[in-house]
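Chemist: Next come the chains, spelled out residue by residue.
There are 2 protein chains.
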Amino acid sequence: MDYGKSGMEVECWDRFELTLPGPSTGNPFQEVRLSAKFQYKNLVFEPDGFYDGNGTYRIRFMPDRPGVWRYITSSSAAELDGHSGEFVCTPPSEGNHGPVRVKGDYLFAYEDGTRYLPFGTTCYHWTHDGNTELEEMTLQTLRASPFNKVRMCLLPTKDMKPPLQLVFPGTCPEDVDKTRFNPEFFAHLERRIDDLQRLGIEADLVLFHPYDKGYWGVDNMDAETDAFYLRYVIARLASFRNVWWSLCNEYDFNTYKTVADWDRLLQLTQRFDPYQHLRSIHNGTKMYKSSHLYDFSKPWITHQSIQHWDAELTSVWREAVAKPIVIDEISYEGNSSRRWGNISGMELTHRFWEGAARGGFVGHGESFIDRETRAWISSGGKLYGESVERIAFLRKVMEDGPEDLIAGARDGTYRLMYFGRRQPAYAIVDLEEDALHRIELIDAWNMTIAALDGTYRGCCRVELPGKPYIALRIRRL
Amino acid sequence: MDYGKSGMEVECWDRFELTLPGPSTGNPFQEVRLSAKFQYKNLVFEPDGFYDGNGTYRIRFMPDRPGVWRYITSSSAAELDGHSGEFVCTPPSEGNHGPVRVKGDYLFAYEDGTRYLPFGTTCYHWTHDGNTELEEMTLQTLRASPFNKVRMCLLPTKDMKPPLQLVFPGTCPEDVDKTRFNPEFFAHLERRIDDLQRLGIEADLVLFHPYDKGYWGVDNMDAETDAFYLRYVIARLASFRNVWWSLCNEYDFNTYKTVADWDRLLQLTQRFDPYQHLRSIHNGTKMYKSSHLYDFSKPWITHQSIQHWDAELTSVWREAVAKPIVIDEISYEGNSSRRWGNISGMELTHRFWEGAARGGFVGHGESFIDRETRAWISSGGKLYGESVERIAFLRKVMEDGPEDLIAGARDGTYRLMYFGRRQPAYAIVDLEEDALHRIELIDAWNMTIAALDGTYRGCCRVELPGKPYIALRIRRL
Chain A
601 MDYGKSGMEV ECWDRFELTL PGPSTGNPFQ EVRLSAKFQY KNLVFEPDGF YDGNGTYRIR
661 FMPDRPGVWR YITSSSAAEL DGHSGEFVCT PPSEGNHGPV RVKGDYLFAY EDGTRYLPFG
721 TTCYHWTHDG NTELEEMTLQ TLRASPFNKV RMCLLPTKDM KPPLQLVFPG TCPEDVDKTR
781 FNPEFFAHLE RRIDDLQRLG IEADLVLFHP YDKGYWGVDN MDAETDAFYL RYVIARLASF
841 RNVWWSLCNE YDFNTYKTVA DWDRLLQLTQ RFDPYQHLRS IHNGTKMYKS SHLYDFSKPW
901 ITHQSIQHWD AELTSVWREA VAKPIVIDEI SYEGNSSRRW GNISGMELTH RFWEGAARGG
961 FVGHGESFID RETRAWISSG GKLYGESVER IAFLRKVMED GPEDLIAGAR DGTYRLMYFG
1021 RRQPAYAIVD LEEDALHRIE LIDAWNMTIA ALDGTYRGCC RVELPGKPYI ALRIRRL
Chain B
601 MDYGKSGMEV ECWDRFELTL PGPSTGNPFQ EVRLSAKFQY KNLVFEPDGF YDGNGTYRIR
661 FMPDRPGVWR YITSSSAAEL DGHSGEFVCT PPSEGNHGPV RVKGDYLFAY EDGTRYLPFG
721 TTCYHWTHDG NTELEEMTLQ TLRASPFNKV RMCLLPTKDM KPPLQLVFPG TCPEDVDKTR
781 FNPEFFAHLE RRIDDLQRLG IEADLVLFHP YDKGYWGVDN MDAETDAFYL RYVIARLASF
841 RNVWWSLCNE YDFNTYKTVA DWDRLLQLTQ RFDPYQHLRS IHNGTKMYKS SHLYDFSKPW
901 ITHQSIQHWD AELTSVWREA VAKPIVIDEI SYEGNSSRRW GNISGMELTH RFWEGAARGG
961 FVGHGESFID RETRAWISSG GKLYGESVER IAFLRKVMED GPEDLIAGAR DGTYRLMYFG
1021 RRQPAYAIVD LEEDALHRIE LIDAWNMTIA ALDGTYRGCC RVELPGKPYI ALRIRRL
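Protein sequence lines correspond, in order, to chains A and B.
The numbering used here applies: residue 601 is where the first sequence begins, and numbers increase by one.
The numbering used here applies: residue 601 is where the second sequence begins, and numbers increase by one.
By construction, these hints were calculated from the structure, which means they are not laboratory data.
Every residue gets a Cβ at the ideal spot worked out from N, C-alpha and C, and that includes glycine.
Worth double-checking, as some hints may not be accurate.
Stated by the list, open to error - No more than 30 Å apart at the CA atoms, straight line, and that leaves these computed lysine-lysine pairs for DSBU-like: (1) Lys-996/A <-> Lys-1067/A; (2) Lys-982/A <-> Lys-758/A; (3) Lys-758/A <-> Lys-857/A; (4) Lys-703/A <-> Lys-813/A; (5) Lys-857/B <-> Lys-813/B; (6) Lys-857/B <-> Lys-1067/A; (7) Lys-1067/B <-> Lys-982/A; (8) Lys-778/B <-> Lys-1067/A; (9) Lys-996/A <-> Lys-1067/B; (10) Lys-982/A <-> Lys-761/A; (11) Lys-996/A <-> Lys-982/A; (12) Lys-996/B <-> Lys-1067/A.
Stated by the list, open to error - Computed footprint of chain A on chain B; a stretch qualifies when at least three of its residues, placed anywhere within it, have a C-beta under 8 Å from a C-beta of chain A: (13) 701-707; (14) 937-950; (15) 1026-1038.
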């Protein structure tokens, strides 16, 4: 019996889903193995299926090229085994560029080659409150924002009180059953990931974190439970083209796990995910100890997901490891009493520019404690800060620039010179002698771009306004 | 024949000078050795003498305790050998506290125990122009400033054009004679060091630097010439109680010398200087590579003389090496086109506070390029920036605080919490439960101190104005 619809069409990088009835006795989450081989010509993917409760099993698949795909299931349960069928993968529709990949050493691009410049923000638990109105508000806020990536957690923290929907069944710490999963939780999460996808936003899924302190029992699980959870999450979510795997937030604050544990979990992620979504892990260590960052040169790491307050170090990290730099946490705009959440909008804007000009990608967060909605980084809601519109302005500047800013500077075609907190009266700019250049003066804070008169070549002196947060944009004609 | 005045009185830590006529043929700078033993009870110092030109030799000595000191000379020249005499060292007069020493691990104090908080500035070549009016103006500016230390160079740079008085005879690159010294240059320098001393200002003498690029031939001298120069400088200047030895500025930019060379020159300084004035060396390396700092744990280093833009690293440097932290260059206030000389007064003020609150000492410099006098860091003159009065305010705050801020915080008697660029709406302050505390709100930029009503104890919430550059001063009653 084959429940796959024959003749069904699925757009490239969209989700094909095969639903099969199967055994509901015992613990199907643990006892039933299910997967399927999906084949196009001689290309084969073999995603895991998963038990979705109520005797229902699903296998999801993200085809990566148009054509006829055939599949056949394989299972430890006879009634799930040997189902075969096919579907037609159609070309991607407009706006569907596929998953984000690393491009070259330091850049990202969608799989179809379209440029992707990460402008991330963080709403760790925006999907956890069960507050539909707030979640819709968050989506509206994101829609109007410059952000195209959201860091968000799957597991709860000690500050999230029962009753709560978790990845596991049970709504109180006492009755959490870590031998099963909670399909309702996942269905809700999946809807929100799809909502993000429709907004062109990547879901940077934080799979583990150190904030539970044993309350829900989710940051001190044993190796087997970790792997069980990881495999289920990947079976359900890997077919969503906009997911990234962030193995852990502030991994080094989790005292139950070692670097060897993270290596193992990252390698498992690499093995379980047929599509090789972006994979990284995010440090929490006292930020000045940059040497304590996870060794991002390890082969299962696709990009450097960094917490550090100093965007100038982007240059150092680029030199250290030839992978893209994403400073996911650089301190949040706000007025929190906590160190991580109280820089000014001016300061956060500055850090975005500093990182961008050095070939990195800075992430946003906001933590005002006395406004209509609670801290954005925890629950989403509305944004109140002064940085957001400036980040939008920067994104526009970056999008107007070449794909590879640093290469542009090297070959002399494009330069973005950002002076940051400095206030020089003029800059000496060393341009090619045999080419003409246009220079624009950008005020990062006031969001103005003023073209300087005439053209420039050779070694030039450019007068500057002698105030901070100024950049020069130089283009060879 | 004894030219020392019998019955002469010299104040403690002032300068005793014995003048002797001697051979003027050949090259007395190289050919005549001269020193003297100065003895008080069983305490003996043996400073070198030096040739001062025109057949005149001098031996200078800084006695460090009141009483009758006897001396006897020793020389390779018969007419300089065996001169003996005595003088009376009288107690120091008011305001004479002796040379500055390291106190404990991270602090400084004058030799009489009086607290010394370095608030340094930099005027590298203020004594080199031969412009008396400008030099007097610099002294007047210093007198009105909060600064009690000046970094200043002895050797010229490639940008200083002939004719010029140098440490060596000759006023043009072609006729510099590095086998002799120029007494006129030194006499002038010594007058200025004494001028500084009268203002209570330490002369942080930069003995080498990398800025000559071979033009005057003073940054690529051979080991023998380096030692010859070093010994002469120390023979002349070690008896000035306000000198510090800064072996080199931006030593790592000098490509002619290795770390082993600096080790040797620092060890020679240690050997030649009978009084063991403060000794350090100052890095220039790309500032983020803090691991490239000279290894300050080496025994001949008394304090850490650092160039770095990030005052937050003070905590790291304290942890790394238990010696005082002096961030002599942290970027200068100004509008220079050069990276090192164009931060705002607000930014420099912030860095002073950040370093001070972490138990370090930040240095000032100013580099405005379009004002009445040229850049202060090069030639002195006038100060135009916005930081100077704020640094004076900080100095007052520091002087009103305990000698050891960090110990004060540890034992709960005093805390200076500086929030820097952060703008928290409130702070949670964890105070002793059984003691009462007063809290004051300090605005570092606006230079205001406002006492909060009442007293505090235990874990308190303190409302803050939600803007940057705020500190709390907390004192246990």
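Chemist: Are the hints correct? Go through all of them and say.
Modeler: Hint check results:
no.	hint	verdict
1	Lys-996/A <-> Lys-1067/A	holds (22 Å)
2	Lys-982/A <-> Lys-758/A	holds (24 Å)
3	Lys-758/A <-> Lys-857/A	holds (18 Å)
4	Lys-703/A <-> Lys-813/A	violated (38 Å)
5	Lys-857/B <-> Lys-813/B	holds (13 Å)
6	Lys-857/B <-> Lys-1067/A	violated (39 Å)
7	Lys-1067/B <-> Lys-982/A	holds (22 Å)
8	Lys-778/B <-> Lys-1067/A	violated (46 Å)
9	Lys-996/A <-> Lys-1067/B	holds (29 Å)
10	Lys-982/A <-> Lys-761/A	holds (23 Å)
11	Lys-996/A <-> Lys-982/A	holds (22 Å)
12	Lys-996/B <-> Lys-1067/A	holds (29 Å)
13	701-707	violated (count 0)
14	937-950	holds (count 7)
15	1026-1038	holds (count 3)
Hint compliance for this structure: hints 4, 6, 8 and 13 are broken, all remaining hints hold.
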